[in-house]
Every structure is written in structure tokens, then in C-alpha cells.
Amino acid sequence: VSYARPSSASIRDANLYVSGLPKTMTQKELEQLFSQYGRIITSRILVDQVTGISRGVGFIRFDKRIEAEEAIKGLNGQKPPGATEPITVKFANNPSQKTNQAILSQLYQSPNRRYPGPLAQQAQRF
Numbered sequence: 011v012s013y014a015r016p017s018s019a020s021i022r023d024a025n026l027y028v029s030g031l032p033k034t035m036t037q038k039e040l041e042q043l044f045s046q047y048g049r050i051i052t053s054r055i056l057v058d059q060v061t062g063i064s065r066g067v068g069f070i071r072f073d074k075r076i077e078a079e080e081a082i083k084g085l086n087g088q089k090p091p092g093a094t095e096p097i098t099v100k101f102a103n104n105p106s107q108k109t110n111q112a113i114l115s116q117l118y119q120s121p122n123r124r125y126p127g128p129l130a131q132q133a134q135r136f
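FYI, in my numbering the residues of the sequence shown are 11 to 136.
There may be inaccurate statements among the hints.
[Said to hold, decoys possible] Think about it this way: if two alpha-carbon atoms lie no more than 30 Å apart in a straight line, the pair counts; the simulated DSS-like pairs of lysine-lysine are:
id, residue 1, residue 2
1, Lys33, Lys74
2, Lys100, Lys83
3, Lys89, Lys33
4, Lys100, Lys33
5, Lys100, Lys74
6, Lys38, Lys83
7, Lys38, Lys89
8, Lys89, Lys74
Honestly, the hints are just simulated from the structure, not real lab data.
Please put together the full structure from these sequences, using the hints given.
Below, the structure is given as C-alpha cells:
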């Protein structure tokens with residue numbers, strides 16, 4: 011069951027993206043690793059839909075942004091138990107950021123890339 015929380019600046023953007031996780035790490039182990047930094051609202055490890063094996067990527071949502079910031083400071087670039095490489099911990103992109111980035115990238119593409127075929131050559135003449 012999921013409950014909506016009142017929105018406030020202290021809880022906004024408290025979702026972290028974690029990459030470089032060991033393929034054997036469970037969701038429970040992920041929560042144990044991050045729980046020292048605050049109250050975890052949700053966690054998830056992405057798995058391949060065909061094989062069911064971890065992709066080595068996960069998400070952690072903290073109760074408050076300050077907790078997420080502390081987790082980044084404490085765990086980014088560290089090797090968790092069972093890992094051979096350090097993990098990357100950063101704020102997850104929210105959907106509106108992705109949309110804004112896609113629009114900006116389209117605006118700043120060169121004219122040659124905007125129009126396929128003969129239109130690309132015509133765009134160079136202007």
C-alpha cells in the first residue's frame with residue numbers, strides 16, 4: 011500500500027540513482043547499506059526481464075532530501091561488501107528534467123542533424 015505524502019521542499023528530490031552494484035546484491039542488502047543515512051521510503055534494484063539477473067542499478071528514495079545528500083557524500087565512490095568496483099550514487103533525474111533535456115538537445119542540434127535527406131543540404135545554404 012502506498013500513501014501520498016504532503017509535498018514540501020524537504021522531501022522533494024530525495025530519490026537516488028545507484029549504479030555499479032554487485033549483481034548478487036539483494037534489495038534487502040541495498041536497504042541495509044543505505045539505511046544508516048536515514049529513513050528509506052522505497053528501494054528497487056532493476057533486473058533483466060528475461061534472465062531475472064540484476065542489472066547492477068538501483069534506486070533509493072529517502073524520507074528527506076538531506077538524508078539523500080548524506081548518502082551521496084558517504085557512499086558515492088565507495089565499494090560496498092561484495093563489490094569489486096566503487097558504486098556511483100547521485101540524484102535520480104525526475105521526469106520533467108528528462109523532458110527538458112530532450113527539448114534542449116533538439117534545439118541545439120546542428121541543422122545537418124535536424125533534417126534527414128536533401129533538406130540537410132538546403133539548411134546549410136541559409
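Checked hints:
1. Between Lys33 and Lys74, the direct Cα distance comes to roughly 28 Å. Compliance with the 30 Å bound is thereby established for this hinted pair.
2. For a cut-off of 30 Å, the pair hint linking Lys100 to Lys83 stands: about 9 Å separates their Cα positions.
3. Straight-line distance between C-alpha atoms of Lys89 and Lys33 comes to about 13 Å, which keeps the hinted pair within the 30 Å bound.
4. Pair hint Lys100 plus Lys33 holds up; C-alpha atoms about 19 Å apart against a cutoff of 30 Å.
5. With a CA separation close to 15 Å, the supplied pair Lys100 and Lys74 stays within the 30 Å bound.
6. Among the hinted pairs, Lys38 with Lys83 is consistent with the structure: their alpha-carbon atoms are about 21 Å apart, no more than 30 Å.
7. Restraint check for Lys38 and Lys89: satisfied, since their Cα atoms lie roughly 17 Å apart, inside the 30 Å limit.
8. A hinted pair counts as satisfied when its Cα atoms are at most 30 Å apart, and Lys89 with Lys74 qualifies at roughly 24 Å.
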